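Participant: Chain order of the listed sequences is S and U. Counting from 52, one number per residue, gives the positions in the first sequence under this note's numbering. Counting from 149, one number per residue, gives the positions in the second sequence under this note's numbering.
Please note that the accuracy of each hint is not assured.
Distance condition first, Cα-Cα at most 20 Å in a straight line; then the derived SDA-like pairs of lysine to any residue [claimed, not checked]: (1) K97(S) to L182(U); (2) K126(S) to R112(S); (3) K115(S) to L182(U).
Don't read these hints as lab results, they were simulated from the structure. Note that the coordinates shown come from a computational prediction; the quantities given were computed from them, not determined experimentally.
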Amino acid sequence: MAFDAMSDTSDEELLSLYANGDQAAARALMLRHAPRVLSLARRMLKDQAEAEDVTQEAMLRLWKIAPDWRTGEAKVSTWLYRVGSNLCTDRLRKKRGISLDEAPEMEDETLNVEDQLISADRARALRLAMNRLPERQKLALTLRHFEEQSNPEIASALETSVEAVESLLSRARRALAADLSSNRSTLGLAID
Amino acid sequence: MTDTEKHEIDLDAFFKDAAEPLPELRNTLMANILADAGEVTEAQQVLTERQPVKRKGMLARLMEPLGGIKGIAAVCACTVMGVTVGYAGTDTLQSIPGVGDIVASISGDPLDDFTYGNTANFSDFLAEG
Numbered sequence: 052m053a054f055d056a057m058s059d060t061s062d063e064e065l066l067s068l069y070a071n072g073d074q075a076a077a078r079a080l081m082l083r084h085a086p087r088v089l090s091l092a093r094r095m096l097k098d099q100a101e102a103e104d105v106t107q108e109a110m111l112r113l114w115k116i117a118p119d120w121r122t123g124e125a126k127v128s129t130w131l132y133r134v135g136s137n138l139c140t141d142r143l144r145k146k147r148g149i150s151l152d153e154a155p156e157m158e159d160e161t162l163n164v165e166d167q168l169i170s171a172d173r174a175r176a177l178r179l180a181m182n183r184l185p186e187r188q189k190l191a192l193t194l195r196h197f198e199e200q201s202n203p204e205i206a207s208a209l210e211t212s213v214e215a216v217e218s219l220l221s222r223a224r225r226a227l228a229a230d231l232s233s234n235r236s237t238l239g240l241a242i243d
Numbered sequence: 149m150t151d152t153e154k155h156e157i158d159l160d161a162f163f164k165d166a167a168e169p170l171p172e173l174r175n176t177l178m179a180n181i182l183a184d185a186g187e188v189t190e191a192q193q194v195l196t197e198r199q200p201v202k203r204k205g206m207l208a209r210l211m212e213p214l215g216g217i218k219g220i221a222a223v224c225a226c227t228v229m230g231v232t233v234g235y236a237g238t239d240t241l242q243s244i245p246g247v248g249d250i251v252a253s254i255s256g257d258p259l260d261d262f263t264y265g266n267t268a269n270f271s272d273f274l275a276e277g
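With the hints as constraints, model all of the structure from the sequences given.
Facilitator: Right, here's the structure in full:
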């Protein structure tokens, strides 16, 4: 079956087709989901090559689980976000050699404030501020605001409760707002 | 978002500015992902082909021509019954609950009517050994 003919086919059906050997279904799933995993991984890892590795690995795990996929248990997109975010977290941990709970803030990329003053804009300021957040907060914000996932979907991806996600997002927003507020003068931001 | 969460900053505006279109997959990445998909399919097919066929045991194979365990059980039961009646005579049948009434309803010795070579009845044949 051609990819175009599969645009209306559900993820579960595509997985089932792939599990029966249909490589066109694999291609359809890849084109549908891999860019989202890549987007998440790039935001988390800030490294194109590593983000691509994570994307490939996440998709590989999807291929392997396809024959055992239980329809209705989880959405493919949420499952991939979970796998992708776990892979990103593992890589970040290995880089630092410490657990996430103990993880300090990201390397401050705003040290060169002069550059910021010259070319500051909201997007860059936000990215930099997010980089200073703990991984899970950053991940939750990324899934919520860039990947447009609902709180229950984020909870599933992070393997936690919806209440915990709400708390995580709330703390992340507060930290982000405080960070941006404190730097608004140095960054020359047009805040409102 | 509540007012308290805004903290004097419109975060949504920041997120909107920072939003990016989904990245395009490079050809090499797509090729790698699809190659993985092909390999996983092949590996799973090999695994399926290698699934051992469940073979029957030797006893089961020996019993199969006779109808399996049920057939063997029926043959054994009939054999035991036949040998018992053959040695002890039909009188023993009357001592079996339920069977005795049936035997009693039959007048005389039904085996007496069975002749062997038109010369002797079955009881005589048994008596001769």
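Participant: Which numbered hints are broken by the structure, listed smallest first?
Facilitator: As far as the earlier hints go, only 1 is violated by this structure.
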